[in-house]
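> One letter stands for each residue in the lines below.
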Amino acid sequence: MSSQQQQAPPPASASGQELSIAEMTRIMDVASTLRRERLLATRELSVGDTHRMLRERLLETARVTGDPVTAAEIDAAIEHYFQSLHEFQPPAPGFETFLARLYVARNQILAWSAVLGGGAALAWAFFGFAPTRPGAPAAPRLWGRW
Amino acid sequence: MVTRHRSQQQTAGRDVLRLLASTANAVKARHDEVEKELRRLEESAEEDLRTRGEQLARLAEHYLPAVTRESVGNAFVEVRGELQNVLRRKLRREGELQREWDRALDKRQKRGDELDAVTGELDALVDRREELEERLAELLDGDDAFQDLSRSALREEQELERNLARVEESRREASDKLPAYEQSRLFGYLLRRGYGTPAYKKRGLTRRLDRWVAGLVDFNKAKQSYDFLRVTPKLMSAEVDRRRDEFDRLMSDVEAIQQRVSDEIGLTEVLEDGMRVGKRRDAVLTRIEAEQAEQQAIEDELATLAGPDNDFYRQAVGRLRQFLEGLEASALEAKTRGTAGATDDRIYEEIRWLNDRIEAARSEADQLRRQRSLLGRQRTDLADLARRFQIAEYDSQRSVFPAGFDPRPDVERFLRGEASKEQVWQAVKRSQHFLPTWVEERAPSRDLMDSEFSYLLVRVLAEAAGAAIRRYADGQQRNANRGRPGVGRTKRDASIHRRARGGFTGGRGF
Chain A
176 MSSQQQQAPP
186 PASASGQELS
196 IAEMTRIMDV
206 ASTLRRERLL
216 ATRELSVGDT
226 HRMLRERLLE
236 TARVTGDPVT
246 AAEIDAAIEH
256 YFQSLHEFQP
266 PAPGFETFLA
276 RLYVARNQIL
286 AWSAVLGGGA
296 ALAWAFFGFA
306 PTRPGAPAAP
316 RLWGRW
Chain B
-11 MVTRHRSQQQ
-1 TAGRDVLRLL
9 ASTANAVKAR
19 HDEVEKELRR
29 LEESAEEDLR
39 TRGEQLARLA
49 EHYLPAVTRE
59 SVGNAFVEVR
69 GELQNVLRRK
79 LRREGELQRE
89 WDRALDKRQK
99 RGDELDAVTG
109 ELDALVDRRE
119 ELEERLAELL
129 DGDDAFQDLS
139 RSALREEQEL
149 ERNLARVEES
159 RREASDKLPA
169 YEQSRLFGYL
179 LRRGYGTPAY
189 KKRGLTRRLD
199 RWVAGLVDFN
209 KAKQSYDFLR
219 VTPKLMSAEV
229 DRRRDEFDRL
239 MSDVEAIQQR
249 VSDEIGLTEV
259 LEDGMRVGKR
269 RDAVLTRIEA
279 EQAEQQAIED
289 ELATLAGPDN
299 DFYRQAVGRL
309 RQFLEGLEAS
319 ALEAKTRGTA
329 GATDDRIYEE
339 IRWLNDRIEA
349 ARSEADQLRR
359 QRSLLGRQRT
369 DLADLARRFQ
379 IAEYDSQRSV
389 FPAGFDPRPD
399 VERFLRGEAS
409 KEQVWQAVKR
419 SQHFLPTWVE
429 ERAPSRDLMD
439 SEFSYLLVRV
449 LAEAAGAAIR
459 RYADGQQRNA
469 NRGRPGVGRT
479 KRDASIHRRA
489 RGGFTGGRGF
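Chains A and B are the protein sequences, given in the same order.
Note that our numbering has the first sequence beginning at 176, numbered continuously upward.
Note that our numbering has the second sequence beginning at -11, numbered continuously upward.
These are computed hints drawn from the structure, not numbers from a lab.
Some hints could be false.
Said to hold, decoys possible - One-sided and incomplete, this derived list gives chain A residues near chain B with beta-carbon spacing under 7 angstroms:
(1) E212
(2) A216
(3) E219
(4) L220
(5) D224
(6) H261
(7) F263
(8) P266
(9) A275
(10) V279
(11) W299
If you're wondering where the values come from, they're calculated on a predicted model, not measured in any experiment.
A virtual CB, placed ideally from N, CA and C, is assigned to each residue, including glycine.
Chain A on its own, in the form it takes in the complex:
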């Protein structure tokens, strides 16, 4: 926390005095968020009305355009639309997706590579995977190099 913030006067709202523009903006933001949330909840609670309105409009459109679609077909289409709404659509499998998976898992891949590489290096150091003289014991060869 900066020193300017520490020395700032208490909010005007606390003392019942006139509100600053920043505080008024913040309050309005909160009120706006609450209103939006309530609207969203209201809309979702009355989703049946949305269904009906959509159905009427689609029927009217079909009548105007002369499309021979039936009301039952429109109902099925609306039902399918609302069911598939907000469903997660995974990326199509392919090389690009594979590369993307490798990329997002790069930290784990690096960590595992480091572990395996370190293990291999230790094993080489103790058991002499690259012998200097065939048939010679591993430990003396190693110590000899040191």
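For this one, chain A is given, so just place chain B on it according to the hints.
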């Protein structure tokens, strides 16, 4: 070897001891058999006694089928007084119960009247309530404010039910669709990094690659759907709670109008009175149930007293049985023969047969007890004889009895009780003697052997006589025994410490 001097016809002391020990064992086995037989006899007698007790109880029950004036009057004069006491106590208890029952009947009548009065009062209040409720319905029907509020409340209630169903549906949809977002590695990666939010600070190649990944999963749209699924059910639930509060307020207004009108026409008062009288009726019913239970208990006890399954009857029969048990067999027979029926005669025959069996068992048991006591004493005496035999060292190898000596007749006489333990011992003692030692055999006279000094003297002489032979033998062996000090010395020390007339013990046997 000492045994070499015993002739083949002589009886060894050990054989006599073996005979005494085997006789003691046989006596012990017989003692155990008698003990077992006695136990069986006592168990059988106990069973007979128990059966006789049951038969006496049957006889008592036959003579006293119930504690009534008639049966007590017909009972034996010896116990009639005590039975009449029991009868008096029983009658007193019956009287008490009868009075309690009468009181319970009175109380029940009183409670019935009380219940009728309360029920009448309650019926009147119900009529009044129905009348006022009709009036209330008419008044509320004409009240516009009440009608408007009621219709609104009804609509809101139905809407509230639909909303609740919709919230549940939204929760189900979220629980179905959210796992796909959470299981996607690409979406999860971007979500963890805060991609698309002010918190995301990556630059350069990483930012470009993250943008490429976001494009693959259409991150912005997916994030909106993800947030929607996560947040919307909670928002909807909060909105439903708010609407429920509104509905509750509306219902309070409706109820307030209803309460006001109800107060005005007096329905509230009638309802309160009805509740109060209803509680009184419930209390009266509870008391009636409790009193009925008491009355039932009294009736049960009276029924028990009328039958044979009660304490008074058990006391009376117990006393009569005690009396019959104390009667002599002849007196009991006279009593049973003196009555008209044959049932008591049959029971008496059974008792008499059991008495005979018990008497026979008692007599046999006495005899067995005497036999057991005798066998126990004989076993102790035989063990004592064997111990005395061993103390006297009659069981040593040098202890012999003359040819033809047989202790069995004496032992048999002892077992028949014709000879005492002392007599058997004297007979054994008279016949027993010890074979002489080689020193005693070489002594000129037995008188010389009577002191320790003379014994040593004879022994020294005897040893001097054999010295030449031993010296030669010692000379032959000295070379071989050189380096083994103390060989000859040990023999001499042992001979010096021997006692007169024997050796290792205080007796003459060893």
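> So, as I understand it, the hint says A/F263 touches chain B; can you test that by seeing if any CB pair is closer than 7 angstroms?
4 angstroms, holds
> With chain B as the partner, please determine if A/L220 meets the hint condition of a C-beta pair closer than 7 angstroms.
5 angstroms, holds
> How about A/V279: closest beta carbon in chain B under 7 angstroms, or not?
Given a least distance of 4 angstroms, the restraint on A/V279 holds.
> Please check whether A/E219 passes as an interface residue: C-beta within 7 angstroms of a C-beta belonging to chain B.
This interface hint holds because 5 angstroms falls under the 7 angstroms limit.
> Answer holds if the nearest beta-carbon of chain B is closer than 7 angstroms to that of A/W299; otherwise answer violated.
Since chain B brings no Cβ nearer than about 34 angstroms to A/W299, farther than 7 angstroms, the hint is violated.
> Was the hint right that A/A216 lines chain B, CB cutoff 7 angstroms?
4 angstroms, holds
> Does A/D224 meet its interface restraint, that is, does its C-beta lie within less than 7 angstroms of any C-beta in chain B?
11 angstroms, violated
> Hint check: is the beta carbon of A/H261 less than 7 angstroms from a beta carbon of chain B?
4 angstroms, holds
> Would the hint on A/P266 be counted as holding, given a Cβ-Cβ threshold of 7 angstroms to chain B?
Nearest chain B Cβ about 4 angstroms off; hint holds.
> Holds or violated: is the Cβ of A/E212 closer than 7 angstroms to a Cβ in chain B?
This hint holds: A/E212 lies near chain B, its Cβ roughly 5 angstroms from the closest one there, short of 7 angstroms.
> Please verify that hint: A/A275, Cβ, nearest Cβ of chain B, below 7 angstroms or not.
Holds. Min distance 5 angstroms.
Hint violations for this structure: numbers 5 and 11, all remaining hints satisfied.
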